[in-house]
Amino acid sequence: MLGLWQAHLTFALLAFVVLPGFGFGRLAQGLRLLLLLAVSFVSVDGLSLAAYMRSFTDDVAITTLVALAFFAAVRMGLLDAPKRNVRVQLLIVMAALALFLYPATMGLSYLDPYQLGYDPRPLIVTVGVLAFGLLLLKNWLGVSMLGLATLAFSLGLKPSPNYWDYLLDPFIALFSCGALIGYAFRVVARRPTKASQEQELNQPTSL
Amino acid sequence: MSFGIFNGWRTSLSAGFAAIFIVTWWLHPERAVSGFAIAATSISPSRASEGPLYSTRFASSDLDEFVHASSVTSLPDGGLMAVWFAGSREGAADVQVRGARYDAIAAEWGEELVLATRESTQKATQKHIRKLGNPVIALAPDNRLWLFYVSVSVGGWAGSAINAMYSDDLGDTWSTPRQLITTPFLNISTLVRNAPVFHQDGTIGLPVYHEFLGKFAEYLYISPDGEVIGKSRISKGKNSLQPTVVPIDEQNAVAMLRYAGDSHHRVLASRTADAGRTWSKPYPIDPANPNSSLAAVATSNHGLLVALNDLEDGRFRLRLMETNSSLELWKPVINLDESPDPEGNPFSPQAYREIIGDKFRLSSGPRRLSLVDEFLTNLDQRVCKNHGCDFEYEYPYFIRSANGLYHLVYSWNNTFIKHVSFNDAWLMEQL
Numbered sequence: 001m002l003g004l005w006q007a008h009l010t011f012a013l014l015a016f017v018v019l020p021g022f023g024f025g026r027l028a029q030g031l032r033l034l035l036l037l038a039v040s041f042v043s044v045d046g047l048s049l050a051a052y053m054r055s056f057t058d059d060v061a062i063t064t065l066v067a068l069a070f071f072a073a074v075r076m077g078l079l080d081a082p083k084r085n086v087r088v089q090l091l092i093v094m095a096a097l098a099l100f101l102y103p104a105t106m107g108l109s110y111l112d113p114y115q116l117g118y119d120p121r122p123l124i125v126t127v128g129v130l131a132f133g134l135l136l137l138k139n140w141l142g143v144s145m146l147g148l149a150t151l152a153f154s155l156g157l158k159p160s161p162n163y164w165d166y167l168l169d170p171f172i173a174l175f176s177c178g179a180l181i182g183y184a185f186r187v188v189a190r191r192p193t194k195a196s197q198e199q200e201l202n203q204p205t206s207l
Numbered sequence: 001m002s003f004g005i006f007n008g009w010r011t012s013l014s015a016g017f018a019a020i021f022i023v024t025w026w027l028h029p030e031r032a033v034s035g036f037a038i039a040a041t042s043i044s045p046s047r048a049s050e051g052p053l054y055s056t057r058f059a060s061s062d063l064d065e066f067v068h069a070s071s072v073t074s075l076p077d078g079g080l081m082a083v084w085f086a087g088s089r090e091g092a093a094d095v096q097v098r099g100a101r102y103d104a105i106a107a108e109w110g111e112e113l114v115l116a117t118r119e120s121t122q123k124a125t126q127k128h129i130r131k132l133g134n135p136v137i138a139l140a141p142d143n144r145l146w147l148f149y150v151s152v153s154v155g156g157w158a159g160s161a162i163n164a165m166y167s168d169d170l171g172d173t174w175s176t177p178r179q180l181i182t183t184p185f186l187n188i189s190t191l192v193r194n195a196p197v198f199h200q201d202g203t204i205g206l207p208v209y210h211e212f213l214g215k216f217a218e219y220l221y222i223s224p225d226g227e228v229i230g231k232s233r234i235s236k237g238k239n240s241l242q243p244t245v246v247p248i249d250e251q252n253a254v255a256m257l258r259y260a261g262d263s264h265h266r267v268l269a270s271r272t273a274d275a276g277r278t279w280s281k282p283y284p285i286d287p288a289n290p291n292s293s294l295a296a297v298a299t300s301n302h303g304l305l306v307a308l309n310d311l312e313d314g315r316f317r318l319r320l321m322e323t324n325s326s327l328e329l330w331k332p333v334i335n336l337d338e339s340p341d342p343e344g345n346p347f348s349p350q351a352y353r354e355i356i357g358d359k360f361r362l363s364s365g366p367r368r369l370s371l372v373d374e375f376l377t378n379l380d381q382r383v384c385k386n387h388g389c390d391f392e393y394e395y396p397y398f399i400r401s402a403n404g405l406y407h408l409v410y411s412w413n414n415t416f417i418k419h420v421s422f423n424d425a426w427l428m429e430q431l
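Which chain is which? The protein sequence lines are A and B, in order.
According to the numbering used here, the first sequence is numbered sequentially starting from 1.
According to the numbering used here, the second sequence is numbered sequentially starting from 1.
It is possible that some hints are incorrect.
As the list claims (entries may be wrong) - As a list, the in silico SDA-like pairs of lysine to any residue whose alpha-carbon atoms are at most 20 angstroms apart:
hint, chain 1, residue 1, chain 2, residue 2
1, B, Lys281, A, Met106
2, A, Lys158, B, Lys123
3, B, Lys123, A, Phe56
4, B, Lys123, A, Val42
5, A, Lys158, B, Ile181
6, A, Lys158, B, Arg178
7, B, Lys123, A, Phe171
8, A, Lys138, B, Ser12
9, B, Lys359, B, Leu336
None of these hints come from the bench; they were simulated from the model.
Note that the structure is predicted; figures quoted are calculated from it, not measured.
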């Protein structure tokens, strides 16, 4: 069971964040999280529910786990929700890493960026620089995600020996790209167009 | 920008994060790639003076199962161990990885063994497993016997992952299988089919391929204790699979690939000059390839022997060909098995039964010969469909054992795994 610690934790945190909180207080939310953790151990045909989920998702990245833990803490009222600029900075970093990794690793080029995760020194330096940048921006969520992923990699907490598997998984990659596109659409939609500005100027005032 | 963050607990936290990156960098030095271990073939004087030898026999013995994707390795006592998958059909939940041992003195294969099942793999990996696929067996220079095989948790073969298990007593007992992590996309879409090669430091070089979105080939570096420690890309895109890699010397190797595209239907070739770190862009070579697996091995005269379906369509003829290391000169050696119809057209069940009965008797070897009558009464959908009955000889796997003998196993009409062995004297006679 210890070998699946990450699967159980992911199952409980994901269910906690996704399912409605019913306006429970902090203590009740804590009990709800523990209950979901217990549910992750329920066995069906010899496999726990967490193991079934892992069959489809594989072990998620440590960054995803840290993000889930953060939003669970927000839900429990232990931390404040991140400000918009913090979210956007983080989404830009994760989406940039995802766009660097995934298209090429799916066979689009002879260069396979996943190899960089096996000989990871250049990637460690790059992620370190990104984390330092987020530190200067006081983006503690981003620094924690990248820093704890790197710590977990150095401790070998996941079965994978590849640094990328600690930094990214398809879920955080798709979420980051999707959310960033959503932000971009909203920014464009909110920006007043020239026509609407002229229309606004030509509007008779109520005075 | 405020530098107030460098005060108090924030300073400590920042220093802590900096330390994490520095220590992680220090813990992961760049890995050097060691050269290919070129197997020394020791041919004893008595064997060198032996006359030509060519023999065939069936390695499998089950009469009911669909069998496919065989692999073989030589053992230190001169024997062999072969593995394949067997089940009611390819992709069925009841498919098992089976094997058998070859006794070099009796020159016959023993009873079938079950090495992995869907259930045993599910229990070991703690993942839901839908089906099992291609197995590959290989004896490492440290006498650790490795078995790699494909399993699928979700979807079709594009959802495959590779499992690895090993035996330190030459196959009597096996370790618990564990899944290799080979891709960042849910660890799916890596399959194994062809023989691994070994490096001088004990690293296993495993040729693999992907089938999710693209179809392309890669080369995995696996440490002697079974951890993926690196990879390189042999091809890209959507038209190449199942690389067979043959080292030429310590740094150079050639890879030949199954062509899965729609344009030229030729075998693809790629080369490395740095022990697999980088590969040249694959290019089509002379032999035809009907999107089917092929296998190659180095010969004593610095050439290569290749077993393949050199057809543009169908797998009704399996041919052995010889080529030079530049892959420019190709010479047919022998048709290992073929349909009596030169176009591979199907036969009526009555005609087929008679032909395949004769082929069985020529192929089976003495120990499996007694199965012929039961085999002929049970010809089923594995060979006969609505349009008639087909001959299919496919998925060759080639090795050369330490004593100089060549061993080839392949799917014989998906009803048996056929083993062909021959020596250099026989080969010289054919050329």
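Here is how each hint holds up against the structure:
1. B:Lys281 <-> A:Met106: holds (17 angstroms)
2. A:Lys158 <-> B:Lys123: holds (19 angstroms)
3. B:Lys123 <-> A:Phe56: holds (16 angstroms)
4. B:Lys123 <-> A:Val42: holds (16 angstroms)
5. A:Lys158 <-> B:Ile181: holds (11 angstroms)
6. A:Lys158 <-> B:Arg178: holds (14 angstroms)
7. B:Lys123 <-> A:Phe171: violated (26 angstroms)
8. A:Lys138 <-> B:Ser12: holds (14 angstroms)
9. B:Lys359 <-> B:Leu336: holds (11 angstroms)
Figure legend: structure checked against the earlier numbered hints; the only hint not met is number 7.
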